[in-house]
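Student: Sequence:
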Amino acid sequence: MLKVNPKKLRPYGDRLDDGQMQLSFTLPVAASPEAREAARRYVEGLGLRDVSICAMDPMGSSFAYFVAYGRAQHTIDITKIIVPKVEVPLMKYEDLVAYMSRNIERPIVVIGACTGSDAHTVGIDAIMNMKGFAHDYGLERYPLFKAVNLRSQLSNASLIDKAVELGADAMLVSQVVTQRDSHIHNLKDLHELIKGDKRLKRELIVIIGGPRLDHAHALKLGFDAGFGPGTRPSQVASFIVHEFMKRHGMKEKHAGAEPGAVQPMPRPHHRGEPSPQAHAHAKAHAEAHGGARGHSHIGERAHDAHRRHPGDAAV
Numbered sequence: 001m002l003k004v005n006p007k008k009l010r011p012y013g014d015r016l017d018d019g020q021m022q023l024s025f026t027l028p029v030a031a032s033p034e035a036r037e038a039a040r041r042y043v044e045g046l047g048l049r050d051v052s053i054c055a056m057d058p059m060g061s062s063f064a065y066f067v068a069y070g071r072a073q074h075t076i077d078i079t080k081i082i083v084p085k086v087e088v089p090l091m092k093y094e095d096l097v098a099y100m101s102r103n104i105e106r107p108i109v110v111i112g113a114c115t116g117s118d119a120h121t122v123g124i125d126a127i128m129n130m131k132g133f134a135h136d137y138g139l140e141r142y143p144l145f146k147a148v149n150l151r152s153q154l155s156n157a158s159l160i161d162k163a164v165e166l167g168a169d170a171m172l173v174s175q176v177v178t179q180r181d182s183h184i185h186n187l188k189d190l191h192e193l194i195k196g197d198k199r200l201k202r203e204l205i206v207i208i209g210g211p212r213l214d215h216a217h218a219l220k221l222g223f224d225a226g227f228g229p230g231t232r233p234s235q236v237a238s239f240i241v242h243e244f245m246k247r248h249g250m251k252e253k254h255a256g257a258e259p260g261a262v263q264p265m266p267r268p269h270h271r272g273e274p275s276p277q278a279h280a281h282a283k284a285h286a287e288a289h290g291g292a293r294g295h296s297h298i299g300e301r302a303h304d305a306h307r308r309h310p311g312d313a314a315v
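Under our numbering, residues 1 to 315 are what the sequence shown spells out, in order.
Hints may be right or wrong, so weigh each one.
To be verified - Below, in silico cross-link-like pairs of lysine-lysine (DSS-like), each with a Cα-Cα straight-line distance of 25 Å or less:
id: 1; residue 1: LYS220; residue 2: LYS251
id: 2; residue 1: LYS251; residue 2: LYS85
id: 3; residue 1: LYS198; residue 2: LYS188
id: 4; residue 1: LYS92; residue 2: LYS251
What the hints assert, rightly or not - Simulated DEER-style distance windows between Cβ atoms:
id: 5; residue 1: SER61; residue 2: ASN5; range: 25 to 35 Å
id: 6; residue 1: VAL122; residue 2: ASP95; range: 34 to 44 Å
id: 7; residue 1: TYR12; residue 2: TYR65; range: 19 to 29 Å
id: 8; residue 1: LYS131; residue 2: SER61; range: 42 to 52 Å
id: 9; residue 1: VAL83; residue 2: SER62; range: 35 to 45 Å
id: 10; residue 1: SER61; residue 2: VAL83; range: 42 to 52 Å
id: 11; residue 1: GLY60; residue 2: ASP95; range: 47 to 57 Å
id: 12; residue 1: GLU87; residue 2: ASP161; range: 31 to 41 Å
id: 13; residue 1: GLN22; residue 2: GLY196; range: 46 to 56 Å
id: 14; residue 1: LYS246; residue 2: PRO143; range: 13 to 23 Å
id: 15; residue 1: ASP18; residue 2: GLY196; range: 25 to 35 Å
id: 16; residue 1: SER24; residue 2: ALA255; range: 24 to 34 Å
Honestly, the hints are just simulated from the structure, not real lab data. Backbone N, C-alpha and C define an ideal beta-carbon position, used for all residues, glycine too.
Using the sequences and the hints, build the whole thing.
Tutor: Printed below as a string of structure tokens:
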């Protein structure tokens, strides 16, 4: 049995800790013996030893593609790495349908789209469409999801308008094209529009996904959750349901509990309005001090704190 030291990890090639790595890259020069030597020296400059260029192929008249091998000396301590992850109970389709039927009193409205100039719908379709992905049913099949797939090339402003029109509880945004960080620029623009639009529900859940996105990216950009390649619909569905219940203050009703244990859904309120809890608190405070004295912003402060708390960011 190999004895791996997690505090000094090094790439594995032929044997443990040999540091062997494979790299592939393109240089903007025609394939030639000089180009091969340039590629070898470049890889050596990255700190790899015993470098060999095992393949060189021309790419047109002015580019060459290389595959190189080399040995790395650098190690990494994996025990010190902490990666933000979506941490909610993951339920399969049948279990989540039963859970929702016990705990949710109305359909959760979920809209999804691939926004900007991006025309790739493979990701949003895999999550939204009824047949789903890898034998995992999509959101359209869940009885208590009202899933609306808006497909692709939808502007951020149009997506927000649609969320207002449909009373969306959750928004899914897919970003596939990533050249020159176009996905980052588009998502930053979306976040600013969401933050400034008072028409959207205060409890709106916004999730992003794509081949170069994950939960850490989502939190950094100010969204609620992020999912990367290989994500299954049930993972997204599980997050939406549990986050929806948390934001609406709903208590979980376990299987076999008496009917009527689910707390009634509060009236949907919109951004810029004080929450019902904040309104009641402000009213009680005013009465205790001889009447209201000026407008209270407690609801807005509570909302801001709530929006930043999950990982200090949002999708």
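Student: Give a verdict on every hint.
Tutor: Quick rundown of the hints versus the structure:
A distance of roughly 29 Å separates the Cα atoms of LYS220 and LYS251; the hinted pair therefore is violated under the 25 Å criterion. Taking the CA atoms of LYS251 and LYS85, the gap is about 23 Å. The hint holds against a cut of 25 Å. With a C-alpha separation of about 18 Å, the suggested pairing of LYS198 with LYS188 holds against the 25 Å cut-off. Taking the CA atoms of LYS92 and LYS251, the gap is near 21 Å; set against the 25 Å cutoff, the hint holds.
Checked against the given bound of 25 to 35 Å, the beta carbons of SER61 and ASN5, roughly 48 Å apart, lie outside it. Separation of VAL122 from ASP95 is about 27 Å and departs from the stated range, judged on CB atoms against 34 to 44 Å. Between TYR12 and TYR65 the Cβ separation comes to about 25 Å, which falls inside the hinted range of 19 to 29 Å. Here the CB-CB span from LYS131 to SER61 is close to 46 Å, well matched to the stated 42 to 52 Å.
The hinted range of 35 to 45 Å is satisfied by VAL83 and SER62, whose Cβ atoms lie roughly 40 Å apart. Between SER61 and VAL83 the CB atoms are about 43 Å apart, so this pair conforms to the stated range of 42 to 52 Å. Range check, GLY60 to ASP95: Cβ separation about 53 Å, and the 47 to 57 Å hint holds. At about 32 Å, the beta-carbon gap between GLU87 and ASP161 stays in the expected band of 31 to 41 Å.
Between GLN22 and GLY196 the beta carbons are some 47 Å apart, a value that agrees with the proposed interval 46 to 56 Å. Checking the proposed 13 to 23 Å range against LYS246 and PRO143 shows it holds: the Cβ atoms sit about 21 Å from each other. At roughly 54 Å, the beta carbons of ASP18 and GLY196 sit outside the given window of 25 to 35 Å. The beta-carbon spacing between SER24 and ALA255, approximately 52 Å, falls outside the hinted interval of 24 to 34 Å.
Of the hints listed earlier, those the structure fails to meet are numbers 1, 5, 6, 15 and 16, in rising order.
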